[in-house]
Amino acid sequence: MTETKNKQAGWQLTSQLWGRGWGRGPLYLRQALHMMKEEKLFSGIYIAGTALAIAFTMVMAVVYYAKLADIEPEVNRSRTVYVLGMRMTYKDGSSDDWTRDYYNPTKVKEWLYPLKSAEFVSAIIDPGTFVRDKFYVTSDDGRIVSGVLKLVDANFFKVYHYKFVYGRPFTQEEVFCEGGDPDASKAVGIISKDIAEKVFGKGVNPVGKTVNFGYDIRIVGVIEPTSSIMSESFGQLFIPNNEGANKAIVVLKEGCTIDDLRRELNEIAHKCTISNDKWKYDFEGSVQPHAQRMMSEGEELSSWKEILVSLFPQVLVLLLIPALNLSGLVAARMKRRLPEVGVRKAFGAKRRELLHQVISENLVLTLCGGAVGLVITWLLLYVFRSWVFFAIGNNTYTLPEPMVEGEMLFSPLIFLIAFVVCAVVNLMSSLIPAWMSLRNPIVESLNQKR
Amino acid sequence: MALPIMGEMSEGQRGSLIYIMETIIKLTEVNKIYRTEEIETQALENVNIDVQKGEFLSIMGPSGCGKSTLLNIMGLLDEPTSGTVELCGTKIDPTLSDNRLAEFRNKTLGFVFQSFHLISSLNVLDNVQLPLLYRGVGYNERMKRAKEVIERVGLSHRMKHTPVQLSGGQCQRVAIARAIIGNPEIILADEPTGNLDSKMGADILGLLKQLNEEDGRTIVMVTHNEQQAQQTKRIIKFLDGRQIM
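Read top to bottom, the protein sequences are chains A and B. If you're matching positions, the first sequence starts at 28 in the working numbering and goes up one per residue. If you're matching positions, the second sequence starts at 801 in the working numbering and goes up one per residue.
For the record, the hints were derived by calculation from the structure and aren't laboratory data. Nothing here was measured: the structure is a model prediction, and the numbers come from that model. Errors might be hidden in some of the hints.
Stated by the list, open to error - Between beta-carbon pairs, the in silico distance windows are: (1) B:P894 x A:F339: 41 to 49 Å; (2) B:D1015 x A:V402: 34 to 42 Å; (3) B:E829 x A:P468: 16 to 24 Å; (4) B:E1026 x A:L347: 38 to 46 Å; (5) A:I459 x B:Q1030: 49 to 57 Å; (6) B:H957 x A:W414: 54 to 62 Å; (7) B:Q1030 x A:K67: 45 to 53 Å.
What the hints assert, rightly or not - Lysine-lysine pairs mimicking PhoX-like chemistry, simulated, CA-CA at most 20 Å apart: (8) A:K236 x A:K220; (9) B:K960 x B:K853; (10) B:K853 x A:K64; (11) A:K305 x A:K118; (12) B:K960 x B:K944; (13) A:K377 x B:K907.
Beta carbons are placed, not taken as given, at the ideal position from N, Cα and C, and that holds for glycine.
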């Protein structure tokens, strides 16, 4: 009995809500759909304008998200800091020239690994003029297979969380192998699954097998391929580096700031300067948080959300152009609909209710624009991914075409942000002309020629 | 029949007389002046009209004499420049907010326009239920009442049609259904047969007469048509913004 009563009460409440206001939804929807059919040109332009605005905002957001958010394997981006070599300038000021120091194996062990503000430090050799970033190996069937080479230490696999299909990361012992034989240490390596399949064939577990890289490398692990959008972690063959480093990747301890790290590094630089007659050492320009390195954004640690928020004014200015066009369109449409507004007012519609209706109708169009915008975004991110990430994301054409998939391609949060931003801009663009036309006297509205 | 003198009436008689003579629309010294930068046009000049409850009144006059302006003022769609308007015993305060006016119109008035003013993107059912929508009536109740009034105007077979699929006469029937769905005391019809041929015009007038006689609704109709005006209970003639009889 109680259950039946509750059900009845529920139905009554639903019916009341449906009747008062909520019930207008289906009516507004029907009218909006009818208008879409009747006013194809207006609807088409409105949807296209909204779709492009959403696509533009989403592509921007996705690029920033893909480059800055904590995404596997770069799950520590929000507390990752890159430390390049120390800057060296002449103590006597005889020249403005400067250079960056190189961390030899001793400096790596004595300065970088013991940093107190760091949870992990990975010392690597970044490819440059003198270090090759490509490898060539011969496959089992005699083909030459090439890919991107990374010279890393064991901590690299703590900083970046790769998914291992087979095997394991190499250990620090394998990097600095016992007996101090550097050549022996190079004998292990990790490859990506796509390269493993090219070299050894599909479905083969290559752990324990060797590839010839001028010398034999024993495979100890195979990782899932990653996207080249994540340029810091992207690699297809990882071999141990025990010859010093030109870059350290530091994951800050929870609770430590970039300033704590800078203080430690400055102490090191100060000691070096004191002990050297010719050179003055500092870390000017050497300490780069992830966002600064990826997108030239900010000198402090900041999350992708903070960066997106900081970009908001620029995005808003760019969205203002389609918004003004939409505003003009809505104004013209509202002028055509003045007699309808007059009739509704005559029969008791309040301005607020009419505004609600106009907003609801525009929301339907905005939703359609959102769906089309999503498709355009996917097309841009999928078909033109190299260009998009090159144009916005500082990606380099030397890397393979980026893989764009999973949460990079569709993050509900990103879509929601882009949609809300565009919906608000659309709303504002329709709100002003709608409000203006609703202020028209009823008689004038009724007498308006259709 | 001679009416008894007030002092000689019983309590019951007084009550019924008061009912019979209840003034539902009262315009006092109403003036309407349209001003532009160059010209000032007096659309209405010292108009005094009392409309009794249950009357079917027609307002006649040539084009531009102020008939529609008068109707708009009666319907609270326009404001007089000076003078007072009373509807259903309520003096309309010129400072009343738009929202209050909208509520008042919604509950008290129904409009029938010459050019129907149906919303082309809505079907008959949706057009008719409009006044109830703004009164906050629930969906089921709205539907029920809309179907009833549509049936009453003889269009139950056209409920899902849109206005473009209807003839002029049918559109005006829908407009009448929309005007009466909220059960308003007063129906204001601005040349309701103006866009119709004579047969359809006669049909619509018949429908309005039926609403007046059967439901006792007060109807004020603006018309050019002398023959149609003759079928109403009282005629007021206008010329150049002035009431001439």
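| request: Please write out, lowest number first, the hints stated earlier that are contradicted by the structure. | output: Hints 2, 4, 9 and 10 contradicted; others consistent.
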